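Q: Take the sequences, apply the hints, and build the full model.
From first to last, the protein sequence lines stand for chains A and B. Per my numbering: the first sequence = residues 10 to 268. Per my numbering: the second sequence = residues 265 to 620.
Keep in mind that a hint or two might mislead.
As the list claims (entries may be wrong) - If you want the ones that stay clear, here's a sample from chain A, every Cβ over 10 Å from chain B, calculated:
#, residue
1, 36
2, 89
3, 174
4, 187
5, 207
6, 236
7, 261
Claimed, not checked - Okay, derived cross-link-like pairs now, SDA-like style, lysine to any residue, Cα gap no bigger than 20 Å in a straight line:
#, chain 1, residue 1, chain 2, residue 2
8, A, 32, B, 507
9, A, 25, B, 473
10, A, 236, A, 163
11, A, 177, A, 187
Hints in this document: simulated from the structure, not taken from any laboratory. Predicted, not measured: the structure shown is a model, and the values here were computed from it. Where is the CB? At the ideal position from N, CA and C, for every residue including glycine.
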Amino acid sequence: MEVKDIIKEENLVFKKTGLLTDKILSYCPGCGHGVAHRIVMEVIEEMGIAEDTIGIAPVGCSVLAYEFMNIDMQQVPHGRAPATATGIKRCWPDKFVFTYQGDGDLAAIGTSETIHACNRGENITIIFINNGIYGMTGGQMAPTTLPGMKSSTTPYGRDVELMGNPIKMTELVAHLPGTYYISRQAVHTPLSVRRAKKAIQKAFETQKQNKGLSFVEIVSNCNSGWKMTPIQANKWMEENMFPFYPLGDIKVDGKIIDK
Amino acid sequence: MGETRLMKGNEAIAEAAIRAGCDAYFGYPITPQSEIIEYLASQEPHKRTGMVLLQAESELGAINMVYGAAGTGKKAMTSSSSPGISLMQEGLSYMAGSELPCLVVNIVRGGPGLGTIQPSQADYFQATKGGGHGDYKLIVLAPASVQEMSDFVPLAFDLAFKYRNPVMILSDGVIGQMMEKVELFDQMPRATEFDQTWVTTGKTADRERNIHSSLDLDPARFEKHNHHLQEKYKKIIENEVRFEKIQCDDADYVLVAYGSSSRICQKTQKLAREKGIKAGLLRPITLFPFPYEEIEKLANHVKGFLAVELSAGQMVEDVELAVGKKTRIEFYGRIGGMIPTPTEILTVLEEKYLGG
Ligand SMILES: Cc1ncc(C[n+]2csc(CCOP(=O)(O)OP(=O)(O)O)c2C)c(N)n1
Ligand code: SF4
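A: Below is the structure:
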């Protein structure tokens, strides 16, 4: 049997969604951005809403998300994605609008836009990739960098006396009445990918039902910024990031979940 | 024609926005232009025309909401005053770079810094020379009456969509706050069809997907894009220069002033004629594109120009560019929110050119 005999429709176990372009991803090998892109696009495909969806690419490693996500997209200034999404959604309330943002973008420079879009209850979906660092600019401290964690601007570890504590944006916005569904997920194992995809689906369903803002944080790795191999990075993430940023739903049906 | 009303300049802009079929206004309050959002709110434009009105969390929020709405082909606008417009510069640069249309109104106040809420024309450089980062231009309209505050709104939207470029109405607290008679144009319908070659309303099967981005990491391609923008600005210069001339043909001396200072200079020009001084007034209506050619033509026969501004001397640099060494140019400006009187300007004209 030759390879070409194996590549047949009936043997297919995986197919890339048509909502991802064939462009080679610009992400480092092992980075969570690529998987996160895929599951967002799969959800949009499975829900059959691609023709009515507009995505917002931030400033950060995912600035080129529009090269990979095969739908109408807008690239926006650093941190302003929720404002741009608001502008679109207010004009086109029947369309699906989502932002895809890193932690520097969403939780530092864009804190105001994030909180106010959440507070107004904009019917948009925010996908928040939290890798605890500024990936694109070379691994500087992010607002989400853990205490003691090294980055290029905290070479001896984040000193909370000097730099303050990391901010849990997801818990913060969960307290705003405008948010309806809030979840924190990961994409580093097959199980976590399945869970994350479910959460993203729920987020878009929330938008479909006009219930308010839906927000899915994905705790992800940045092996380049963390200066680790992909495997080391995932292990470090489990041991250090997850205890501080625990995974699971935070707010469901407009109610914060008691843990 | 439509109905006549007594209105503030700011109110006229707001009413004109609704009538021009504007789809969305996003803004943040700041004196001396808060009447724009207040008037809109009083009109409940979502009931009148379906227009979206949203008070943003900041000017950063506002301009990026405009950016989003504009990307979908909607007629979107914002308004602010100097410090708020400074905050919008990044967004305007993105919009110019990704070629999206919008209207931005700047009711200028005195600066630098928090400055004063009194009128000023000290944002001329910011408005006409780019303002934010990168090689780009806004189309800049300078109304000199409440009537023009109204009339320039549909004009601004037309230009914005014709060139797919942000357009700024540059006015100040004088025109924004003063009341005058204004003849309002009739309600225009809001657009229901959108040019699917560029809007991001969701990629349908019958077209390519659309992307709004000002980013290109390939310098050769990005240089091309920048050349394309420059070509567009050239076309704007060729086609869109607007100005008003009052008794310039036989003038020995020509006042050059725009917006509120041109209103004061109109009176100065009359007073001068009454005194037998052959004075004229050239009022640039578009500040970008600036009427260089017209001023250059006048320079062939006038003895001197007097540029009058509520600034330390900004537009006068463009007058100098136009005139070169052909004839004399003098400048008179009041700053910090002070406004000159017509006789004050006349005295300056006499002192500079007629030996007092
Ligand atoms: C106004 C502005 N400030 C700073 C930058 C530089 N910058 C680009 S990406 C970035 C950080 C992005 O980090 P994050 O949002 O965490 O995304 P990641 O790259 O980690 O995915 C910064 C500071 C910029 N492009 N614009
Ligand atoms: S720098 Fe970090 S976040 Fe960016 S692509 Fe590489 S691993 Fe991913």
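Q: It remains to establish, for every hint, whether it holds in the given structure.
A: Hints versus structure:
1. No beta-carbon of chain B comes within 10 Å of the beta-carbon of residue 36 (chain A); the shortest separation is about 15 Å.
2. For residue 89 (chain A), the condition that its CB be more than 10 Å from all CB atoms of chain B is violated, with the nearest at approximately 4 Å.
3. Every CB of chain B is more than 10 Å from the CB of residue 174 (chain A) (nearest about 24 Å), matching its label as outside the interface.
4. The beta carbon of residue 187 (chain A) is kept farther than 10 Å from every beta carbon of chain B, the shortest such distance being approximately 13 Å.
5. A cut-off of 10 Å between C-beta atoms confirms that residue 207 (chain A) is not in contact with chain B; the least separation is 24 Å.
6. Under the 10 Å C-beta cut-off, the non-interface status given to residue 236 (chain A) relative to chain B holds; the minimum distance is some 24 Å.
7. No beta-carbon of chain B is positioned within 10 Å of the beta-carbon of residue 261 (chain A); the least distance is around 27 Å.
8. Of the pairs offered as hints, the one joining residue 32 (chain A) and residue 507 (chain B) is violated, with about 50 Å between alpha carbons and a cut-off of 20 Å exceeded.
9. For the suggested pair residue 25 (chain A) and residue 473 (chain B), the alpha carbons sit about 19 Å apart, so the restraint of at most 20 Å is met.
10. A C-alpha spacing of about 14 Å is found between residue 236 (chain A) and residue 163 (chain A), which places the hinted pair at or below 20 Å, so the restraint holds.
11. Pair hint residue 177 (chain A) plus residue 187 (chain A) holds up; C-alpha atoms about 18 Å apart against a cutoff of 20 Å.
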